[in-house]
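Could you build the full structure based on these sequences and the hints that come with them?
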Amino acid sequence: MANAPSRPLSPHLTIWRWGPNMAASILHRASGVVLSFAGLGILTWWLYAIASGPQAYDRFTAAARHPLELVVLVGVTWSFFQHLLTGIRHLVTDTGAGLELGINKTSAILTFVGAVVLTAALWFYFLGVAK
Amino acid sequence: MSLGDSSTPLGKVRGLGSAQHGGEHWLTERVTSIALLLLGTWLIASLLLLPQLDQRTLLEWLHAPSGAVPMALLVIIGFKHALDGMKVVVDDYVHEPGNNFVTNLVMLFLAVGGGALALFALARIAFGGVA
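As you go down the protein sequences, you meet chains C and S in turn. If you count the first sequence from 1, position 1 lands on 1 in the numbering used here, and the numbers rise without skipping. If you count the second sequence from 1, position 81 lands on 212 in the numbering used here, and the numbers rise without skipping.
Among the hints, erroneous ones may be present.
What the hints assert, rightly or not - Reference listing, derived: stretches of chain C covered by chain S, where coverage requires no fewer than 3 residues with Cβ under 8 Å from a Cβ of chain S:
| hint | region |
| --- | --- |
| 1 | 26–34 |
| 2 | 47–55 |
| 3 | 62–72 |
| 4 | 114–127 |
Bear in mind the hints are in silico, worked out from the structure with no lab data behind them. Note that the Cβ used here is the ideal one computed from N, Cα and C, for glycine as well.
Structure representation (C-alpha cells):
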C-alpha cells in the first residue's frame, strides 16, 4: 500500500481479543474454505464412486474408513454444520437483528454447540448404518 | 501530498472506486446461501431416510428425478456459492493486482471444472441404466 497506516486494520487476529463473536466470524470463513475445497471435492468423488459401480463404491467406503480419511470426513461434516449455523446467524444479523452484545454472544456460542452436536449425531448414525 | 507529486486528489482516486458490482455479488451470496440451506437440509434428510447407504440404494436414489434434480442444483449452486465466497477471501488477502487476478482466475477455473466433473458423474447416474 502507498501510505500504510500504523493503526491496526481488520481482519487482525493478532490484535483482536478472542471471543465467541469473532471466533464465529473467522470459523465461518475457515469452514467455508474447507467446504469449497474438501467438501465439494469429496462430493464430486462420492458421485463418481456411485456412478462407477459397486466395486468402486466399496473402495470409496473402504477409504472413508481409514482413520485419516475419517478425520477429513468428520472435519468436512463439522464445517458443513458450523458454516450452516453461522450462515443462518449471518442472515439474521444482515436484517439488523441480533446485534445486541448479549444475544450476539449467545448466538455465536449456540452455533459452536449446535455444530458439534449435529456432527456427532450424524456420524453415530452413519457408522451404525453404513456397515 | 508531497512536492513533486503533481496529481490532484481527484486524479488519485479516479479508477480506484467501486466497480458498481459489489451489491450484486453480496446479494447473490445471500440468495445462494438460502438455496443451499434448503438443499443441504434435503441432502442430510435424504441420507437419513434412505433404508441403506450402499451403492445400489444411492444409485436408485440419484437415478430418479426426485434425487437427480435437487443434487444437480446442489452441485451448481454449491460451486457458485464457493466461488463467490472464495472471491471475498482472495480479495481480502491477495492485494497485489496481478496476483489477485491470477488467484481469482484459478478459483474460477476450479469451480467451473469441478462443477462440470460433478455434473458429468451425476449425468451418468441419472441417464445410465440401473444394473
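Status of the hints after comparison with the structure:
no. : hint    : in the structure
1   : 26–34   : holds (count 3)
2   : 47–55   : holds (count 7)
3   : 62–72   : violated (count 0)
4   : 114–127 : holds (count 3)
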